[in-house]
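Just so you know, the sequences run in chain order A and B.
So the first sequence is numbered by our numbering: it starts at 1 and just counts up by one.
So the second sequence is numbered by our numbering: it starts at 1 and just counts up by one.
Worth flagging that the hints you see were computed from the coordinates, not collected in a lab.
You can take every hint at face value.
Taking lysine-lysine and the DSS-like style, the derived pairs with C-alpha atoms no more than 27 Å apart in a straight line are:
| hint | chain 1 | residue 1 | chain 2 | residue 2 |
| --- | --- | --- | --- | --- |
| 1 | A | Lys23 | B | Lys44 |
| 2 | B | Lys52 | A | Lys52 |
| 3 | B | Lys105 | B | Lys44 |
| 4 | B | Lys52 | B | Lys23 |
| 5 | B | Lys105 | A | Lys23 |
| 6 | A | Lys23 | A | Lys105 |
| 7 | A | Lys23 | B | Lys52 |
Only some residues are given here: those of chain B computed to face chain A with a beta carbon under 10 Å:
| hint | residue |
| --- | --- |
| 8 | Leu8 |
| 9 | Ser22 |
| 10 | Asn102 |
| 11 | Gln107 |
All residues carry an ideal CB built from backbone N, CA and C; glycine is no exception.
Number of protein chains: 2
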Amino acid sequence: MRSKEDILPDCPVALTVSMIGSKWKLLIMRNLLARPWRFNELQKSIDGISQKALTEALRSMEADGIVSRTVYPEVPPRVEYALTELGESMRPIIQSMEQWGNNYKTQTDRYTT
Amino acid sequence: MRSKEDILPDCPVALTVSMIGSKWKLLIMRNLLARPWRFNELQKSIDGISQKALTEALRSMEADGIVSRTVYPEVPPRVEYALTELGESMRPIIQSMEQWGNNYKTQTDRYTT
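From just these sequences and the hints, can you work out the full model?
Below is the structure:
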């Protein structure tokens, strides 16, 4: 019987990349680190993402156990996406990207002003 | 006149994602953080990457100033790809991915053994 490890990349970076190594997943994670979001909100907030791409990214993140999908029995039903504990544990990755982006902007400002 | 900032995303995470937000770029960066690599070496080392995808990723990273391409005048010419200082400054991002991947493996082992 194949266990889950058999299909996980040996390299820890490749393993992480297999879960969030795409533009859309990284931007979705950035949003979800702040609070739970509804589908339409996410689509409006992430520039250029199509409904199909957002659906696929969210399903893949759900399958990997980093995003949860909760349906609230209202009329019409409200569906919210949130990070699981496992997804939340990826915060340092997004934080390091945020820090790098901020440093880059500061340096770019220094050169151009 | 448009300055470089006009076309950079406002969000620092989105800015970083615009430079390395793809599976291939993240894996290339993982390799280049260790040492300079030749094209063919990179292609053999990164499972599933096509010549076209590797060429495109390297060109894009060169254009963003995070990867340098050096041609050594040998016969046949040797071409090496390396991180620039700017690319090197992304090390904490890949390190946080490595750390997450290692933690994940440790937890998975705990549950399955």
